[in-house]
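Q: So you can see what is in the structure, the chains are spelled out below.
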Amino acid sequence: MSAHLFDIAHMLAGGLVLVSFMLLYQDRMFALLNVFALHAVVLSASVAWQGFVQGAPHLLITATIALVLKGIIIPLALRRMVVRLGIHRTIETVVGIGPTMLAGMGLVALSMVVMLRATAEADPLAREDLALALSVVLLGLMMMVTRRNAVSQVVGFMSLENGLVLAATGAKGMPLVVEISIAFSVLIAFIVIGVFLFRIRERFDSVDVAALDAFRGERQ
Amino acid sequence: MTALPFDAPIGALAAVLIIPGAAAALLVLLPGYWLSARLNVLAALATFMAALMLLFERPTPGGYLFVDDLNVVFIVLATLVGFTTSAFSASYIGHELEIGRLTPRYLRFYHAMYQTLMFSMNLALTANNIGLMWVAIELATLTTVLMVGIYRTHEALEAAWKYFILGSVGIALALFGTILVYMAARPVLGEGQDAMVWTVLIGKAAGFSPELLNVAFVFLMLGYGTKVGLAPLHAWLPDAHAEGPTPISAVLSGLLLNVALYALLRFKMLLAANPAALAPGPLMVSLGLLSLIFAGFMLYRRRDIKRMFAYSSIEHMGIITFAFGMGGPLANFAGLLHMVMHSLTKSAIFFAVGHIAQAKGTQRIADIRGLTQSHPVLGWGLVLGVAAIAGLPPLGIFMSEFLIVSSTFARAPLLALLVVAGLLIAFGALFLRLNEIAFGEPTGSTAPVKASYVPLFAHLALVAMAGVYLPAPLVAWFQSVARLLG
Numbered sequence: 001m002s003a004h005l006f007d008i009a010h011m012l013a014g015g016l017v018l019v020s021f022m023l024l025y026q027d028r029m030f031a032l033l034n035v036f037a038l039h040a041v042v043l044s045a046s047v048a049w050q051g052f053v054q055g056a057p058h059l060l061i062t063a064t065i066a067l068v069l070k071g072i073i074i075p076l077a078l079r080r081m082v083v084r085l086g087i088h089r090t091i092e093t094v095v096g097i098g099p100t101m102l103a104g105m106g107l108v109a110l111s112m113v114v115m116l117r118a119t120a121e122a123d124p125l126a127r128e129d130l131a132l133a134l135s136v137v138l139l140g141l142m143m144m145v146t147r148r149n150a151v152s153q154v155v156g157f158m159s160l161e162n163g164l165v166l167a168a169t170g171a172k173g174m175p176l177v178v179e180i181s182i183a184f185s186v187l188i189a190f191i192v193i194g195v196f197l198f199r200i201r202e203r204f205d206s207v208d209v210a211a212l213d214a215f216r217g218e219r220q
Numbered sequence: 221m222t223a224l225p226f227d228a229p230i231g232a233l234a235a236v237l238i239i240p241g242a243a244a245a246l247l248v249l250l251p252g253y254w255l256s257a258r259l260n261v262l263a264a265l266a267t268f269m270a271a272l273m274l275l276f277e278r279p280t281p282g283g284y285l286f287v288d289d290l291n292v293v294f295i296v297l298a299t300l301v302g303f304t305t306s307a308f309s310a311s312y313i314g315h316e317l318e319i320g321r322l323t324p325r326y327l328r329f330y331h332a333m334y335q336t337l338m339f340s341m342n343l344a345l346t347a348n349n350i351g352l353m354w355v356a357i358e359l360a361t362l363t364t365v366l367m368v369g370i371y372r373t374h375e376a377l378e379a380a381w382k383y384f385i386l387g388s389v390g391i392a393l394a395l396f397g398t399i400l401v402y403m404a405a406r407p408v409l410g411e412g413q414d415a416m417v418w419t420v421l422i423g424k425a426a427g428f429s430p431e432l433l434n435v436a437f438v439f440l441m442l443g444y445g446t447k448v449g450l451a452p453l454h455a456w457l458p459d460a461h462a463e464g465p466t467p468i469s470a471v472l473s474g475l476l477l478n479v480a481l482y483a484l485l486r487f488k489m490l491l492a493a494n495p496a497a498l499a500p501g502p503l504m505v506s507l508g509l510l511s512l513i514f515a516g517f518m519l520y521r522r523r524d525i526k527r528m529f530a531y532s533s534i535e536h537m538g539i540i541t542f543a544f545g546m547g548g549p550l551a552n553f554a555g556l557l558h559m560v561m562h563s564l565t566k567s568a569i570f571f572a573v574g575h576i577a578q579a580k581g582t583q584r585i586a587d588i589r590g591l592t593q594s595h596p597v598l599g600w601g602l603v604l605g606v607a608a609i610a611g612l613p614p615l616g617i618f619m620s621e622f623l624i625v626s627s628t629f630a631r632a633p634l635l636a637l638l639v640v641a642g643l644l645i646a647f648g649a650l651f652l653r654l655n656e657i658a659f660g661e662p663t664g665s666t667a668p669v670k671a672s673y674v675p676l677f678a679h680l681a682l683v684a685m686a687g688v689y690l691p692a693p694l695v696a697w698f699q700s701v702a703r704l705l706g
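These protein sequence lines are chains A and B, in that order. In this text, residue positions in the first sequence follow my numbering: the first is 1, and each later residue adds one. In this text, residue positions in the second sequence follow my numbering: the first is 221, and each later residue adds one.
A portion of the hints provided could be inaccurate.
Listed next, the stretches of chain B that the computed footprint assigns to chain A, with coverage defined by at least 3 CB atoms under 8 Å from CB atoms of chain A [claimed, not checked]:
hint, region
1, 309-322
2, 382-390
The calculated SDA-like cross-link candidates involving lysine to any residue, where the alpha carbons are at most 20 Å apart (straight line), are [said to hold, decoys possible]:
hint, chain 1, residue 1, chain 2, residue 2
3, B, Lys424, B, Asn494
4, A, Lys172, B, Val420
5, A, Lys172, B, Glu431
6, B, Lys424, A, Glu121
7, B, Lys424, A, Gly173
8, A, Lys172, A, Ile61
9, A, Lys172, B, Glu411
Pair by pair, the computed Cβ-Cβ distance ranges are [claimed, not checked]:
hint, chain 1, residue 1, chain 2, residue 2, range
10, B, Ala499, A, Leu110, 16 to 26 Å
11, B, Ser626, A, Leu60, 55 to 65 Å
12, B, Ala455, A, Leu110, 50 to 60 Å
If you're looking for bench data, these hints aren't it; they were derived computationally from the structure. For every residue, glycine included, the Cβ atom is placed at its ideal position computed from N, Cα and C.
Chain A on its own, in the form it takes in the complex (with noise of 0.2 Å):
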């Protein structure tokens, strides 16, 4: 039985991998915000099926938590914004959709080489789910990397909260402090770059990131 058990939690943080990828190629910004609503929904899954391996209920708050504001709230008030700041055409990324790809698979090798190697003696759920928890981290930071636009940089930074919320769950009976914070912290930095966008909005009528460059270092 307890094969079964590994190998739906593998496939749903396999499965986060796989969105996390399909983060990195979207070039549109409702379909960036649709795929988004996507990692929540499978992370949530993720982490309800783990409270349910490990026989810890108050994993399933957390689930909840990141069904309803990750999976739901957040991807429709960034809709509305995108609407009301008409951007929803433009996407614009630094690097070429091909090697950002690539780049991405080495990530991933790179997390499942130093993470498998370094907890040889931890029990295999945990330490494959690290992997790729740490994978869909990377992801996460290369998306902000790669991307211009304000909110397609806080869609990464969500994704790599994601892959921590992914780790904290996998590590068996860690203290739910941690997740709790998670989410509040999610919460508190959504109503922070929201403030910062319409501030952003207000004074120069553009969200990317690239008009604030403008300024650089030093005032003459």
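Keeping the supplied structure of chain A fixed, place chain B upon it in accordance with the hints.
A: Showing chain B alone in chain A's frame:
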């Protein structure tokens, strides 16, 4: 240590957290600049008093909070600088209100955020749970992001955005490291609470999986290192210092960088307690040296006065990280002393710079000339501060830098040469600029400015005193902490 002569109604440890927390809640409700600025100072003073009581009262470590010889140094320093900065802030912010850079609504927000920041820093310093410490540092980051962006100008928004993105990524990496430490501890300590408690972790660290600890430390070093402002992860720091209100620059440089460094030191101790794990020292030494030398060169190209001192903070955090990376009783002692001296001196410099920028109406170095003639007290205050920060004898920083260099010479002469080179590069840049700012024909406004000189000169007096004479109990205290650090 000895017990208190009287019974405190609540423990000093709780007071250090409750006072700023309650003050923040109260300040949200209070309208009016006059009252809230005074309440801010009062709350900061009360927190400082409570922190001083921690020197005599050591509560037993709980699952979430604890106090030991190491963190009490940081707490006392943080609350002291928090108090003096609030006094400086009262006069600084009053002026900003007069010239209309800040509205009363933002001021209310500013004061509430100031106390929230104090609360989160004290929480991070007293946390006995690595998860709780992470949460507190995250809270501190978010509060400072909001404060940096408070002027709502183009530059302030960019600085806040940059700080937010880089800070969040750093914080995220640190969380991953924290989870890995838990994973390493779980097989030994079992599931749940215990595997995240410092006082338990440090005792059992020898049994943890060394590979996991190594990977964890790399993440923690990058994560918290971003918050310390170590090169090449420093990009947020100069912008955040230059564009926010000056009291926030003082708190950032004087306190928040130290808090992140404290987190790093705790994890370093954890790694040091495991004989099979990677030695954390060389990693810290190389990042520290890189920051020192990089910031030294960058100092030459600065045109903005606050940005220049922000780079000087990177330089000094590099020196401190270097010293702790070298390890050993003498280098640790020197690092600790340097940290205290840097916090006091750098916040004093920012107090002076804040009033100077208000008096001249600009932060551009080219537009600030002949300060010692137009504003003699501020000008000479700045000269004294820069002399201290550059490491001129007989001031405090000279002593700590001398100790760092001499202890390094005994063990790794080549590294000591690099440190000396970095110090001299920075020294040259600072005096080049200081010469332009302080002396020569005065330019710009010569109108007197309402300034509070007490915090500025109180800090400088402490630094000057420390350079000449360190009280024996202080030396004994720092020595015991240095031994604790290994």
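Q: The region 382-390 of chain B covered by chain A? Criterion: 3 or more residues, Cβ-Cβ distance below 8 Å.
A: Since 4 is at least three, the answer is holds.
Q: Between the alpha carbons of A:Lys172 and B:Glu431, is the straight-line distance 20 Å or under?
A: 19 Å, holds
Q: Is the hinted pair B:Lys424 and A:Gly173 satisfied, with a Cα-Cα distance of at most 20 Å?
A: Roughly 18 Å between the alpha carbons, so the hint for B:Lys424 and A:Gly173 holds.
Q: Does the region 309-322 of chain B contain three or more residues whose Cβ lies closer than 8 Å to a Cβ of chain A?
A: Violated: only 0 residues of the region 309-322 of chain B have a Cβ under 8 Å from chain A.
Q: Lying within 16 to 26 Å: is that true of the beta-carbon distance B:Ala499 to A:Leu110?
A: The hinted range 16 to 26 Å holds for B:Ala499 and A:Leu110, with Cβ atoms some 23 Å apart.
Q: Measure nothing beyond the straight line between the CA atoms of B:Lys424 and A:Glu121; if it is 20 Å or shorter, mark the hint as holding.
A: Judged against 20 Å, a Cα distance of about 17 Å means the pair holds.
Q: Can the restraint linking B:Lys424 and B:Asn494 be considered satisfied, given a maximum Cα separation of 20 Å?
A: At roughly 9 Å apart (the allowed maximum being 20 Å), B:Asn494 and B:Lys424 satisfy the hint.
Q: Has the hinted range 55 to 65 Å been met by the Cβ atoms of B:Ser626 and A:Leu60?
A: 59 Å, holds
Q: Would you mind confirming whether the straight-line C-alpha gap from A:Lys172 to B:Glu411 stays at or under 20 Å?
A: With Cα atoms ~7 Å apart, A:Lys172 and B:Glu411 stay inside 20 Å; holds.
Q: What's the verdict on A:Lys172 and A:Ile61, does the C-alpha distance respect the 20 Å limit or exceed it?
A: With Cα atoms ~15 Å apart, A:Lys172 and A:Ile61 stay inside 20 Å; holds.
Q: Range first: 50 to 60 Å. Now tell me if the beta carbons of B:Ala455 and A:Leu110 are that far apart.
A: 23 Å, violated
Q: Can you confirm whether the C-alpha distance between A:Lys172 and B:Val420 stays at or below 20 Å?
A: Roughly 19 Å between the alpha carbons, so the hint for A:Lys172 and B:Val420 holds.
The structure fails to meet hints 1, 12 from the earlier list, while all remaining hints are met.
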